[in-house]
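*Asks:* Sequence:
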Amino acid sequence: MSSPSATPSPTSPSASNDENGSILSITALVVALVALVVSMLQLILQYVLSAEGRSKCSTAAIGAWADKNTQFWRPWKGKIYIKYAQLDITTQRFLDALGSQGLEREAHLAVLKNYQVTEQTPVFETKHGKMVGGPPQLILARKGTEEIEPTLPNTLRGAERVAADALVAEKKRLYSPTPPTKATWCALLCDLGLDLQKLSGTGEFIEADTIPSVLDAPPIHMRMSDLIHFGLLLEMKIVEADELKRILNMTGRYCSLVSKHQDGVGMLCRYTGNLIGTQPAVKRISTQEARMLCETADGMIYIGDCMMPITSFGFNSLDAIFKHVIRECKQNAWQEVDLKDLPRSTERDGLGYGGKWANSPTPITGLLMAIAGNVGVGNSFPHETIKAWTDPMRREAVVNAFQTLQGQPGFTVAPRDIFQRICESGTDLMVMDEFRTVNNYGCQFGGIRGWLSTNMAAFTLKMSSLWIYEPRYDHQRFEPVPLLHQLFPVLQAGSLCKTWGENYSFNPEEGNGWRLPVSSLLWLQISLLDTWLARHVDMIIQETAMPEVSVPAGLESAKLCAKSASEVLTQSTAWNPPRLRFCRMYLARLAGDVHGRGVSFMSNAPAYVDRKEGWKNMPIGSPDEWLMADAVLTLRAALQHTRFMLMMDSSALLRLQKFDPSLLLA
Numbered sequence: 010m011s012s013p014s015a016t017p018s019p020t021s022p023s024a025s026n027d028e029n030g031s032i033l034s035i036t037a038l039v040v041a042l043v044a045l046v047v048s049m050l051q052l053i054l055q056y057v058l059s060a061e062g063r064s065k066c067s068t069a070a071i072g073a074w075a076d077k078n079t080q081f082w083r084p085w086k087g088k089i090y091i092k093y094a095q096l097d098i099t100t101q102r103f104l105d106a107l108g109s110q111g112l113e114r115e116a117h118l119a120v121l122k123n124y125q126v127t128e129q130t131p132v133f134e135t136k137h138g139k140m141v142g143g144p145p146q147l148i149l150a151r152k153g154t155e156e157i158e159p160t161l162p163n164t165l166r167g168a169e170r171v172a173a174d175a176l177v178a179e180k181k182r183l184y185s186p187t188p189p190t191k192a193t194w195c196a197l198l199c200d201l202g203l204d205l206q207k208l209s210g211t212g213e214f215i216e217a218d219t220i221p222s223v224l225d226a227p228p229i230h231m232r233m234s235d236l237i238h239f240g241l242l243l244e245m246k247i248v249e250a251d252e253l254k255r256i257l258n259m260t261g262r263y264c265s266l267v268s269k270h271q272d273g274v275g276m277l278c279r280y281t282g283n284l285i286g287t288q289p290a291v292k293r294i295s296t297q298e299a300r301m302l303c304e305t306a307d308g309m310i311y312i313g314d315c316m317m318p319i320t321s322f323g324f325n326s327l328d329a330i331f332k333h334v335i336r337e338c339k340q341n342a343w344q345e346v347d348l349k350d351l352p353r354s355t356e357r358d359g360l361g362y363g364g365k366w367a368n369s370p371t372p373i374t375g376l377l378m379a380i381a382g383n384v385g386v387g388n389s390f391p392h393e394t395i396k397a398w399t400d401p402m403r404r405e406a407v408v409n410a411f412q413t414l415q416g417q418p419g420f421t422v423a424p425r426d427i428f429q430r431i432c433e434s435g436t437d438l439m440v441m442d443e444f445r446t447v448n449n450y451g452c453q454f455g456g457i458r459g460w461l462s463t464n465m466a467a468f469t470l471k472m473s474s475l476w477i478y479e480p481r482y483d484h485q486r487f488e489p490v491p492l493l494h495q496l497f498p499v500l501q502a503g504s505l506c507k508t509w510g511e512n513y514s515f516n517p518e519e520g521n522g523w524r525l526p527v528s529s530l531l532w533l534q535i536s537l538l539d540t541w542l543a544r545h546v547d548m549i550i551q552e553t554a555m556p557e558v559s560v561p562a563g564l565e566s567a568k569l570c571a572k573s574a575s576e577v578l579t580q581s582t583a584w585n586p587p588r589l590r591f592c593r594m595y596l597a598r599l600a601g602d603v604h605g606r607g608v609s610f611m612s613n614a615p616a617y618v619d620r621k622e623g624w625k626n627m628p629i630g631s632p633d634e635w636l637m638a639d640a641v642l643t644l645r646a647a648l649q650h651t652r653f654m655l656m657m658d659s660s661a662l663l664r665l666q667k668f669d670p671s672l673l674l675a
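One rule links them: number in the numbering used here = place in the sequence shown (from 1) + 9.
Straight-line C-alpha distance at most 27 Å; calculated DSSO-like pairs for lysine-lysine: (1) Lys621 / Lys365; (2) Lys191 / Lys246; (3) Lys572 / Lys339; (4) Lys254 / Lys191; (5) Lys92 / Lys207; (6) Lys292 / Lys207; (7) Lys246 / Lys292; (8) Lys507 / Lys246; (9) Lys207 / Lys181; (10) Lys122 / Lys152.
These aren't lab readings, by the way, just hints derived from the structure by calculation.
Taking the hints into account, I'd like the entire structure generated from these sequences.
*Replies:* Dropping the structure here:
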């Protein structure tokens, strides 16, 4: 009897092994198929995608500007090509972009109108410059309440939360290290404070294949003058600027611009960015301040409410402008007057005025420095325009003017610790920064102040609260001239010049947590003289509708003047008709010598033994009054001239007004 055949059980070991083997085979097959698909996709992309598009227009190459890239397909070539957005950046477009960012910030602040918004970013001074010490913070305090604890931004809701987050994000963008990119122009624009994602291009796109093979990223074309402006904004000095050879070399403490010949490209500029952690001062200024800095670099100055190149002003052109404004003004108060096309028709003294006043014994540079607005923002000026007023000429003028003022009306010297008082008071009287010397307060425009351009009452009030008035000159009609302790011996010896300023910068005045740059020192002294001139000129002409007081002034008098100014005047430069009448009389006497002798301390002609003789027969005022005014104006002119000469030399921009070549920036 045969035994039954043995049939494998479903649960036997051999059946289990076969099932596991099938699962493993299927899994291996799936993995292999996925790997095959991935490798095929990579192969296809490597074949159809332009190599230039992958490397030269990526985020690593052009940063956030890569977000604007577009792609297109060419079937007959079987490739995907990349186009990058063309960028055309100029000084004006930079200022426009800065203005747009400012408007966006103001819109966010308007949403938070129920809160007192304070933005804090820890910044500390090192030998390498200003460094960021931590992330930016937004402090909110609800208005109209007695809450001590600030409102946390993350507790806000809706539009307020969005606005607060946007403000914090903008601060983080500004104060974060610039992302490294192959294109140096990306680093340049980021260091200038621009947001590449919000910056608009020309609307045209260029194929990445057109980028020269020797370059790692697309270059951009930029006018030499615009590139110089950007370099000056980043505090770089002009080492070499040759418009014919298209060479531009600039260097600063933190960054540089260098031109070199590149095979297959020609002359190529490269920007080396800021030291990691340092914060360029341009990131902390307003649009109007940046505009003023660029205009000062171009040689623009403010005379009253008129801004023109310094080379356009002369005795006759000034007289024509003043005469027009006086005719248009309806009252003696500060007011703005439309000059229309009048400044364009003016020119320096010469044939245009029939030779009248063409050979004045007084240098026009001295007169312009005496009446031009005191810039609060500036780090460069074309030295070629003012170097005709030489050191020996200024030294003699300053010494003679100082000696005259020592006799009458005398000097009042500021306390030795006045700058420590300024820092401890928190009055925001001035800023001890790189190229910004003053905050935005009072009747001023873009940092411009001056006895002929603005009312000085707000400055006088801030200063008088720190420099206590001691009435000791009641027997005099005119107050003593205010001088800083640090500048008294310098003016007395006539040693005020560029060399003195450079030596001062090696050992500046400093105290607990502050260091006084020479630009701030000179700015404050000029402003002090402006308060004296405003008061003195008003008393000579006796027609002012808004009298001012000189520093140091009684606190109540200073408050009264500041109150009347704030109620009537706008924050702008303007014209003051009585002071223009004074200027017309003054420049007429300076331009036309008296019996072949020099009248002003600034004059090159032989002076009178008794200088009062030159100021006789003025339409108004006594010879003593005009002599004192001329002496103070001479000191102011020398201070203003020295301040401009201590700025970086931007004379190259004058040449570029005739021929401004395009440079290639990598």
